[in-house]
Amino acid sequence: MTTSAVRTWYLIHKWTSLVCTAFLFMLCVTGLPLIFHDEIDRLTGGPPPLQGPASSSDSPGLLPLDAMLQRALAERPVEVPLYMAFDNGSPLLTVTTGPAPDAAEADMTLLLFDRITGRMVAPPGEEGFMDVLLQLHTDMFLGLPGMLFLGFMGVLFVAALVSGTVLYAPFMRKLDFGTLRAERSRRTKWLDWHNLLGITALAWMTVVGVTGFINALATPLIDSWRADAAAEMTGSKEGVSALPPQRYGSLDKAMASARRALPGNNPQFVAFPGGAFSTPGHYAVFFQGATPFTQRLLTPALIDGATGELTDVRPMPLTMKALQLSQPLHFGDYGGLPLKLLWATLTCSTLVVLGSGIYLWLGRRRAPLAARVREVTSGGRATLVPSPTE
Amino acid sequence: MSRSTFGLPTFIALLSLAGLVLALTGEGWRDGLSWAALSAPLLAVAWAMTARKPR
Chain R
1 MTTSAVRTWY LIHKWTSLVC TAFLFMLCVT GLPLIFHDEI DRLTGGPPPL
51 QGPASSSDSP GLLPLDAMLQ RALAERPVEV PLYMAFDNGS PLLTVTTGPA
101 PDAAEADMTL LLFDRITGRM VAPPGEEGFM DVLLQLHTDM FLGLPGMLFL
151 GFMGVLFVAA LVSGTVLYAP FMRKLDFGTL RAERSRRTKW LDWHNLLGIT
201 ALAWMTVVGV TGFINALATP LIDSWRADAA AEMTGSKEGV SALPPQRYGS
251 LDKAMASARR ALPGNNPQFV AFPGGAFSTP GHYAVFFQGA TPFTQRLLTP
301 ALIDGATGEL TDVRPMPLTM KALQLSQPLH FGDYGGLPLK LLWATLTCST
351 LVVLGSGIYL WLGRRRAPLA ARVREVTSGG RATLVPSPTE
Chain X
1 MSRSTFGLPT FIALLSLAGL VLALTGEGWR DGLSWAALSA PLLAVAWAMT
51 ARKPR
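Protein sequences, first through last, are from chains R and X. According to this note's numbering, the residues represented by the first sequence are 1 to 390, in order. According to this note's numbering, the residues represented by the second sequence are 1 to 55, in order.
If you're looking for bench data, these hints aren't it; they were derived computationally from the structure. Built from N, CA and C at the ideal position, the CB exists for glycine as well. Check before you lean on any hint, since a few could be wrong.
What follows is a set of in silico ranges between Cβ atoms, one per label pair, in the way DEER data are often shown [stated by the list, open to error]: (1) Thr3(R) / Thr25(X): 37 to 47 angstroms; (2) Arg314(R) / Gly26(X): 37 to 47 angstroms; (3) Pro53(R) / Thr25(X): 33 to 43 angstroms; (4) Met26(R) / Leu17(X): 23 to 33 angstroms.
These stretches of chain R come out as covered by chain X in the derived footprint (C-beta under 8 angstroms, 3 or more residues) [what the hints assert, rightly or not]: (5) 151 to 161; (6) 171 to 179; (7) 192 to 200; (8) 328 to 336; (9) 341 to 350; (10) 367 to 375.
The task is simple: from the sequences and hints, build the whole structure.
Dropping the structure here:
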């Protein structure tokens with residue numbers, strides 16, 4: 001690689017890293033506890049999980065959906081149902097109600113039920129701190145602009161990873177993989193750690209960076225899918241008022257007809273007519289597969305709200321599939337506790353890469369550019385000799 | 001040059017990616033293999049730390 005090419009990549013690495021490092025640092029620190037949010041929620045007084053078959057299954061012990069819906073509407077008599085959501089690990093079933101089908105999120109009420117006994121379950125306790133962490137991690141309390149901004153930081157992070165990998169080649173030209181020189185200067189030691197941790201965690205950091213970027217685009221991606229697909233599946237129904245709950249046909253019949261069309265799948269949630277994920281006259285049942293992979297790939301089935309007949313089933317477009325797969329690959333919550341521990345360790349590696357990067361920049365930021373490039377091309381040896389211009 | 005420089009890093013990256021995808025495709029043995037594969041970056045670092053013997 002020519003010196004001028006190294007110089008260009010050096011500058012790209014320096015600037016993309018410098019701009020995103022502070023935010024990446026925040027994302028790592030908030031992300032670390034978020035990896036374990038299930039475990040932390042359980043330890044900090046959340047109710048123990050319900051025992052029994054999964055509410056998303058069609059096991060015989062489970063109460064009919066119509067009965068569950070009636071119970072929910074008895075709790076909130078003047079409201080309409082918006083969503084019914086299922087669990088894959090317990091008979092927990094949730095119903096979200098609101099004053100109108102297009103109610104704002106702040107006006108919605110979440111009711112939790114045990115689908116075996118039909119009894120209400122206490123809502124999860126205050127999880128204030130984890131919520132704050134999640135909010136910081138997603139949008140820094142700035143809403144959509146914050147999300148998009150952090151998504152852009154993700155792009156810079158990936159650019160820093162690419163340029164760092166390019167610089168790894170001239171740096172390691174005369175060094176063996178895994179070289180960690182402790183006997184030289186402190187700077188050489190951190191140079192070696194920066195390179196070793198950066199190159200070993202590279203694939204993981206790239207996946208988490210790219211999926212973080214895709215997740216940051218969730219709002220516009222979902223909005224555009226909703227605008228296209230819902231209209232396409234049913235024809236335009238602008239101005240049609242939503243089917244009132246009194247005229248709903250049997251939800252169990254609707255579910256049965258959808259299950260016949262999608263054998264081997266289980267529902268993840270039902271969107272009731274007139275809401276953001278359905279149409280004025282249809283239930284939308286979002287189905288999931290049985291493996292962690294297909295569980296994330298939702299397939300919506302539209303069912304006529306009054307007759308319970310299946311209208312249409314169609315897979316999500318590629319952009320939505322990418323979004324759905326980006327979530328587990330970013331959260332690391334799909335392979336048990338050992339995977340979470342690996343996720344946490346790799347997050348710590350990332351923190352060391354960020355910290356050592358800042359240290360390396362601070363130490364030589366006043367040195368001439370040529371000297372800093374020489375440090376890269378010499379594998380850190382040139383740092384021992386003060387450059388003549390200093 | 002490039003083979004010796006990027007040989008092991010490429011191997012570690014492929015193992016990491018295999019681990020990330022494997023756990024998505026199912027439970028049980030797939031999870032176990034996934035953990036083993038995704039340990040590659042950490043094992044490489046551990047190896048580098050022990051290989052650095054004081055002379």
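- request: Enumerate the violated hints, using their earlier numbering and listing them in ascending order.
  value: Violated: hints 2, 3, 5, 10.
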